Amino acid sequence: MALLGRGPNRLELGMLGALWSEHCSYKTSRALLRTLPTTGPAVLQGPGENAGVVDLGHGLACCFKIESHNHPSAVEPVQGAATGVGGILRDIFAMGARPVALLDAIRFGDPRDPQQRHRFQRVVEGIGWYGNCIGVPTVGGETVFDAGYAQNCIVDAMCVGLVEPAQMLRARAQGVGNPVLLVGADTGRDGIHGATFASAQFDADAAARRPAVQVGNPFLEKCLLEACQELLGHPAVVALQDCGAAGLTSSCAEMAHRGGVGLELDVARVRRRERGMTPEEVMLSESQERMVLVLEQGGEAAVEAVFHRWGLHGDVIGRVIAEPRLRIRDGLEPVADLDLAVLVDGSPERHPPAAPPLGLAARLAEDPLAGAPVWSPLEAWRRLLASPNCGETRGIWRQYDHMVGNDTLAGPGGDAAVLRLRGRLDALALTVDGGHRSGRLDPRRGAAIAVAEAARNLSAVGAVPLALTNCLNLGDPDRPEGMWQLIEVVAGVGDAARALGIPVVSGNVSLYNDTLGQSIPPTPVVGMVGRLPEAGRRVGAGFIAAGDRIALLGPLGAELGGSELQRLARGTVAGPAPALDLALEGRVQALVREAIAQGLVRSAHDCALGGLAMALAEACLLGGLGAAVDLPGLAGAAPGERLGQLFGETQSRLLVSCAPAAAAALERLWTVGRVPGRWLGIVGGGAIAIGEVATIELAEARALWEGALAG
Amino acid sequence: MSRFGIVVFPGTWSDRDCAHALAVAGHPSVRLWHQDQDLQGVDCVILPGGFSYGDYLRAGAIASHAPIMAAVRRHVDRGGLVLGICNGFQVLCEAGLLPGALLRNAALQFRCQPVTLRVERVDTPFSHTCRAGARLRIPVSHGEGRYYADPAMLARLEQRGQVLFRYVDAAGRLDPEANPNGSVAGIAGIVNERGTVLGMMPHPERACEMVLGSADGLRVFQGIAEAGAGAAR
Amino acid sequence: MPTDHRDRFVADVVVTLKPVVNDPQGDVVREALHTLGFAEVAGVRVGRYLAVEVTADRATARARVDAMCQQLLCNGVIEEYRFTLRPADRSVPAPP
Amino acid sequence: MPTDHRDRFVADVVVTLKPVVNDPQGDVVREALHTLGFAEVAGVRVGRYLAVEVTADRATARARVDAMCQQLLCNGVIEEYRFTLRPADRSVPAPP
Ligand SMILES: Nc1ncnc2c1ncn2[C@@H]1O[C@H](COP(=O)(O)OP(=O)(O)O)[C@@H](O)[C@H]1O
Ligand SMILES: [Mg+2]
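Going line by line, the protein sequences match chains Z, V, F and W. So for the first sequence, my numbering puts the first residue at 1; every next one is plus one. So for the second sequence, my numbering puts the first residue at 1; every next one is plus one. So for the third sequence, my numbering puts the first residue at 1; every next one is plus one. So for the fourth sequence, my numbering puts the first residue at 1; every next one is plus one.
Be a bit skeptical, because a hint or two may be false.
Short, incomplete list of chain W residues facing chain F, as computed with Cβ under 7 Å [stated by the list, open to error]:
(1) L33
(2) F38
(3) V41
(4) G43
(5) R45
(6) V52
(7) L72
Covered, in the sense of this in silico footprint (three residues per stretch, anywhere, with C-beta under 8 Å from a C-beta of chain W), are these stretches of chain Z [said to hold, decoys possible]:
(8) 74–86
(9) 213–224
So these bits of chain Z aren't anywhere near chain W, every CB distance computed over 10 Å [said to hold, decoys possible]:
(10) G7
(11) L44
(12) D190
(13) S287
(14) G299
(15) P480
(16) L622
(17) G633
(18) W679
Simulated from the structure, these hints should not be mistaken for lab results. Given the structure is predicted, the values throughout are model-derived calculations rather than measurements. Backbone N, C-alpha and C define an ideal beta-carbon position, used for all residues, glycine too.
For reference, chain Z alone in the conformation it holds in the complex (with noise of 0.2 Å):
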């Protein structure tokens, strides 16, 4: 109040809710974010713009970001998660990029309880009925099924597109006098006070809160894309922007302050779809698929022009001013005053005590498999296959399309999706990755996990990591826990975006995924894009010849804390993390990369849930072709020490095939690489035999992993 030099009135109490609201502002993870990596060579854009774009070279830059929309999924599946990818959408074309790629990072409750398989169902139909009809493939993401999820689901979109760098569009108004335009939607009353929503718990009143659910029109959007693109260095777009959370005041706030000037609006100006709105409704709707423009005095006419041919309408809805305020009239009469920094940069920053829950340091010492039931390798291995985790995806991602736009070298299904860039020899390559289920005794570790295994996957393909997005999906920061995790996620992205050299351009911070008290475990998505150097070097997953030789690139290890055979085995999560060694985890990933330049490997998988035994059989059900292989000192381990060989996640792995005329150069260059290398064994027959230990005939293990996600 002091700030304002006067008591705000209701509209200006809302405007400053909504832009204070967790969801805007930051204020609880800002300062926390500051510590992140943003810069690099390739770096254009870092966070603040609507999105993050590197450089790709050659006139060309790779602009992208996730974001989340848990809230509204929660409450209505198809809806929440279809308007979740219409809003990513926008941040990109946003910036002038046109979009090329979705991806999508869902997690939910146990698939066999129907209430959980339901929605997890209709957010699959949402994400792919907004991309399909907008024509921009989903070309991958990640899947997970987890009990912490059963109360509050994860689902996080993340948009890639392209831009030409001098293209590039920034949303920062400018210029006094300068019209400010609205096109698209009609205002609703659809989704005010989402901010503030997504920034609360779920308990008793959040339904008598809940904002009317915005229903997505991919149709209109794709109109606002078609016409954004053709307006691309039309002389008079002065700034182009998005309308998200907190709607008109947000967009507008933001775009003013970035510019360094101030807006005046007129709600009366504004096109509604229903009668009798306030200006607080007008100024706070969460309407899709709406965009805000400024433009150059008299360009007016031309710029709708372009809109009209794609069906849409602009109203001039205020002007840019002087003074650093945002004012809004309604008609002739003046309803809000508002200083620009107080409203975008005023909301107090928070730093809620932290302390890591109760019990840790038992949990931590516990026994991976203490009390689990004593499975052999081969009950283990079919159960894992069997896991909705590890099983086969394709019944999600072929309701996506992945092709459109015919680019897509590599679609869903392996580690890394590969885009080709027109004309050129090089290649994008796409990724999205949550952290390890450790990161819930170790939200640190379980955080750089989540950014190392993102770039293990890039590099799979044979892609440099440039950058990442990040979506930070946590629970309550005002439960000391939850602050606890907020600060540790934050440092662990921190510490492995540092250590691989991969700067955070973009990303979101969701927290308050909770629902009467009960958290979600901490869920850092990591989104990265990387550049293939030669598309035709690629490799995938799966094995390609019988009687090439098989490697395992990183070490050795038996780790089983918050692997998937212990939430199989028990249910629950203990044991110290897996080790996280960044140098190691970088020289692995430089040496996958090389061997793959040189052409030395065939395939190449990274060790992710289920351990090296489930890289195994992915790589031999992607490929079709069997295997025998052996882990030295295998045979003669103790039960619970060899299901940690197979199964335990030890990180910074990948599993790598080769002709056999290849053999010594590759083990030349992992030992001049100085990475742990060792041949396991073969390609081919029609079994994937672990030395005496566990032999699964290949049709059993297809029906097993094809059939986990199955209905």
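Put chains V, F and W with the ligands on the given structure of chain Z with help from the hints.
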């Protein structure tokens, strides 16, 4: 040399892919805007995939009334060639330029996957570059592709040889497992009685380069180009 | 400009698949209802409903809505339609 | 007025978006009707129609169909529903 025109409705997205495929095949193309009535003298009109007007109501229903469709109708009357792909097939059925209708996939889900097509006739402009019974590997990507014709209409179609493509298994046999949408008689593509208008659910423009998985789709475009050239002579 | 409310009607239009056309959606709904314990459900057919508000007198409205159904709202190859008219409720405001 | 001793009814269920929820489909259909020359169309809302055939007496049928709507047929977050019952052997009536 044949000239291709690609119709663009606001919700169309495979116009770019079609133009690219034609470029790969060495043929120029022009875009035809849905609100225009001028076909710019093209020999073949392509109605590409997408969601024309959001596919609200029924896929292709609103697009079938667009101004450009009046011109397409006249083009068809003159014996001009038309290729409707996916949404374009839906538009052609809605416009009555092809018989039958396309319903929601039997599985009630969108399907994006490669399928195998069997070429049923090789005496059409669209298929004369194929061998009889040839199999083409081409992707589908649609939520409403279940071809339906009532028994009488179906009998007429079969009798007149209007079925051009069917979904088959790797061995070339009809198989419900190989049919991605539950189409009657495995129908993936049909022609009109004159054999000048083809509607097909699969996307040949996505199968024009081996790096993308298949180049079988090129045959369709090459066929049209050569037929057009023949007609011009 | 807006006429007297007596000249505003809403047509409640129902478009359904012809009985001979398979309706997998209806079958799925029936199965789901059975699973939920509604064993008394013998069958379900799913169709489309449209509320079309028109400014016209009753006789004209009827003829025009019929024309809309034939031209756009219903695809006669697979669907059939029916509708009734009711005076537009004055309490439901028209869009501005 | 039909008597209640019959034991087979069809519920004509109409599920529509709540008035506050935007209906892009309705907007596009309205525009299309305008383009086709139906200028008198003031607005269109699109919903779902379900014909649910149940074996039960009228009172039970009413209660059960209501339960079906709440549990499955209608998504209460964005939709609302209404229905009428008719004996299964009677010819198709007006939509509710
Ligand atoms: N929701 C989804 N959308 C699209 N693709 C998905 C989705 N979930 C999983 N996938 C795909 O399935 C494959 C396996 O996923 P995942 O097991 O997470 O791989 P990894 O462990 O290598 O990261 C990946 O190619 C991924 O792109
Ligand atoms: Mg992987």
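Do the hints match the structure? See the list:
A distance limit of 7 Å between C-beta atoms decides the matter here; for L33 (chain W) the minimum to chain F is near 6 Å, and the interface restraint holds. The interface hint given for F38 (chain W) holds, since its Cβ lies 6 Å from the closest Cβ of chain F, which is under the 7 Å cut-off. The beta carbon of V41 (chain W) comes within 6 Å of a beta carbon in chain F, closer than 7 Å, and the hint placing it at the interface holds. Interface restraint check for G43 (chain W): the shortest CB-CB distance to chain F comes to about 5 Å, inside 7 Å, so the restraint holds.
The restraint placing R45 (chain W) at the interface with chain F holds, with a minimum CB-CB distance near 5 Å, inside the 7 Å limit. Residue-level restraint check for V52 (chain W) holds (minimum Cβ-Cβ distance to chain F is 5 Å; threshold 7 Å). At its closest, the beta carbon of L72 (chain W) sits 6 Å from a beta carbon of chain F; the interface hint therefore holds under the 7 Å criterion. Proximity of the region 74–86 of chain Z to chain W, defined as three or more residues with a beta carbon under 8 Å from a beta carbon of that chain, is established by the 3 residues found.
Chain W is given as covering the region 213–224 of chain Z, and this holds because 7 residues of the stretch bring a CB closer than 8 Å to a CB of that chain, at least three being needed. Look at G7 (chain Z): its CB is around 31 Å from the nearest CB on chain W, clear of 10 Å, so calling it non-interface holds up. Under the 10 Å C-beta cut-off, the non-interface status given to L44 (chain Z) relative to chain W holds; the minimum distance is some 35 Å. Taking the minimum C-beta to C-beta distance to chain W, about 6 Å, the non-interface status of D190 (chain Z) is violated against the 10 Å cut.
Interface exclusion of S287 (chain Z) from chain W breaks down, the closest Cβ pair being 7 Å apart, not more than 10 Å. Separation of G299 (chain Z) from chain W is adequate, the least Cβ-Cβ distance of about 27 Å exceeding the 10 Å criterion. P480 (chain Z), annotated as away from the interface, keeps every beta carbon of chain W farther than 10 Å; the closest lies near 34 Å. The beta carbon of L622 (chain Z) is kept farther than 10 Å from every beta carbon of chain W, the shortest such distance being approximately 38 Å.
With 10 Å as the threshold on Cβ separation, the claim that G633 (chain Z) sits away from chain W holds: the shortest Cβ distance comes to roughly 56 Å. No beta-carbon of chain W is positioned within 10 Å of the beta-carbon of W679 (chain Z); the least distance is around 56 Å.
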